[in-house]
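S.K.: With these hints in hand, go ahead and build the complete structure from the sequences.
Protein chains in written order, with the numbering used here: chain A, 1 to 127; chain B, 1 to 646.
Hints may contain errors.
Between beta-carbon pairs, the in silico distance windows are [as the list claims (entries may be wrong)]:
id	chain 1	residue 1	chain 2	residue 2	range
1	B	447	A	31	39 to 49 Å
2	B	633	A	47	56 to 66 Å
3	B	457	A	26	41 to 51 Å
4	A	47	B	517	44 to 54 Å
5	B	413	A	47	44 to 54 Å
6	B	595	A	74	54 to 64 Å
7	B	447	A	47	31 to 41 Å
8	B	445	A	79	50 to 60 Å
Hints in this document: simulated from the structure, not taken from any laboratory. A virtual CB, placed ideally from N, CA and C, is assigned to each residue, including glycine.
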Amino acid sequence: MNDSIKKVLIVEDDLSQRQALRDKFTKEGFTVLEAQNGEQGLEVAFKSLPDAIVLDVMMPKMDGLEMAKRLRIDEWGKKVPAVILSNAGDIEKIQQALENHIFEYFVKSDTKIETIVAQVKKMVGIK
Amino acid sequence: MTESNDDKSSFIKLPNITREPRWGVRVSLIREVAPEVIVLTLERPHDFSFKAGQYVWLVIPERSKKEGFIDRRAYSIASGVNDSHLEFFIRITKTDYTQSVQRLSVGDSVHIIGPMGSSFVATDAGVTLIAGGTGISPFLSILRSRTESKDFSLYFFEDGKRPLYCKEEIIKLSEKTGFKLVIFQGSPNEEHFKGLVESNPQRKMFISGPPGFVDAVSNLLEEGGASPKLFCFEAFYPSSKDSFSVNDLFVNIRNAEDVEGMLEDTLRSVKEQSVANSVGQKSFADQVGEVLQLSDVLIKISSQTSNHVTVTDRNGYVLYANKAAEQLTGYSFREMRGQTPRLWGGLMPPQEYEVLWRSRVTGLKVIHQIINRRRDGSLYVVLGHITPIMSDSHVVAYVSTEEDITDFVNMDKAKSEFVSLASHQLKTPLSAMNWYTEMLLDGDAGDINEKQKGYLKEIYAGNKRMVTLVNALLDTSRLELGTFTVNAKSIDIVDLLNSAIHEQNNDAKQKELLFSLETPHEHLVIETDENLIRMVLQNLLSNAIKYTSNQGRVLVGVVDQELSVLITVSDTGLGIPKNQQNKIFTKLFRADNAKSSDTEGTGLGLYIVKSATERLGGSIRFESEEGVGTTFFVTLPKEMHPDPIK
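M.R.: Structure (structure tokens):
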């Protein structure tokens, strides 16, 4: 493994979705780190310093918006590219969060998994 | 509400049972000033602020064998004003109230509530007070408190039967302070006011008396050229021997049995009096008689009904409440009587009540959904009906019925919440299914043959349909629950339309439709909520595309209309059958021709469009002809008003 292999952290409580994302990102050549909620996500993020983070909104213990907020307080966390995945129901909440912190976001059911990967690739500078 | 009699000097501020301050005061003097007229002098609480022209409720608590303490209440006018005393001129009649007054002796304690009404405003422009019957009463305090003798006159109309009960007092005052006193006999006519307006067009007119008198005088003055802006009037019901006030009637109603007996008695007396007292116009007794006949039927029914029924006078003071009203509000009739419905209501924004206020003038029945508060503080939702009772084109009372629909509202809310929750839960597996199918189709899990690919595409398409349906259900439940936070932002509607067209361009291309935006504007910025307006456009455009056959036309337009913008979406599609056009915005409704041409629709699209448009303060309509096409017209305000309360 060399430096050009990018690490992506997937924070998602739904096992089925997490597995789909893991498989897709792995196939696209990423090293995949996983977490089941925001709390675990922060722990893994600060320990492993991934190149990008993909996170779900609705999760137990700590939701994705709270995790992103805490991430953005940190020097490193401020700059790490992040993609927020949501169900349609929380668009307004996410839009409010977006006003303060910059991320990309997608509504899961309306987005191809390919599109998510393409976005992360763009953010970490893979052509 | 009892007080001990040993401390005669102190005033006791009673517990705040009523919204208006209520005071316990002592009677310090009772004197008869004319036949059947007594003046009651009360010690005045030092912090009781009373201005000339105002009135107070005088309440005489009495012990009754059956009920314990009950209030005898009357609308009285304090006429003497000084720092230590209040005076009430009271004509003795056969009503329970004045009989209670007669039983009073010096040192007894009574209650006063108020003061109410507007105070007299001094003006340099000249003043004429015009009084009919007992309408003189509020003027007495004005006349007593004034000292100067500028252009100031009092026109009094005696009806010839009843002596002016404070005549001597007024003549004395006129001699002392020099105002012009004119006493007429009979009903007012134009001759009486000749020259009054011409001599001083800026003169202020204070008119007081029974409603018919107040109306007659204001009409005569207006015809004589006086500006209604300078009128100030107060209509009173006379409460003398030969007429009955609605209030007198209801004051003692305790329960249904009492009511029937009382009504019969009162109706009989009213009828007798009407014959004896036939004046030119419809007498007050006749008017009351009409109200009573209505009330008779009403009260008999209402005491049996499960709905809250109250009757208020035209100022909104409760005269009657049925058992269901007691149960619903948690207040006893005794507590409600003399209060306004603000006791349990008043929680809605003022504009809700303005509609009610207007019915005073229009006499129209008003139906509305309101939230009330029980005695114990809990809230409940009612569907209220308010009907003014008219007599001679005057509102004399209001009948209000309220139906508790709290359970219904909660059930409806629970249903929407269930749909919302279920839809959320459905989305998670749907997203996973989408992604796995997509990966299989992409060959991520190994090669697949054409047949497998075909099947997977079916799964993928079916899943997409499900997502669309769940999204529509979610949008519906969120519109119904009002959980959309509406954020008005400046949005270029031309940009937004272009982007909405772009999103659906692929579907239009597949059907080879002419699909474009036509507008004279390059930019058109309005204040609105982006999510909701997108929802409106997405639904209208996808419908237009779905129901237009190949090579047809879907044209979108927008024009500036100064305060609003008009968005049009017009297609050459199926059209909506004439006999179904009135149902098209109904939830889950689909027109027959739409059902047969496309089985996939949810029946939610246009319902969402209409709800969302209304949330934005806009409106929607359409023109459609079957087989020719449909045009939807959406009007949106350029600036959004604060979120209307659901």
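S.K.: All hints, please: hold or fail.
M.R.: Each hint tested on the structure:
no. : hint                       : result
1   : B/447 <-> A/31: 39 to 49 Å : violated, 26 Å
2   : B/633 <-> A/47: 56 to 66 Å : holds, 59 Å
3   : B/457 <-> A/26: 41 to 51 Å : violated, 25 Å
4   : A/47 <-> B/517: 44 to 54 Å : holds, 52 Å
5   : B/413 <-> A/47: 44 to 54 Å : holds, 45 Å
6   : B/595 <-> A/74: 54 to 64 Å : holds, 56 Å
7   : B/447 <-> A/47: 31 to 41 Å : holds, 39 Å
8   : B/445 <-> A/79: 50 to 60 Å : violated, 35 Å
Hint check: violations occur at hints 1, 3 and 8; the rest are consistent with the structure.
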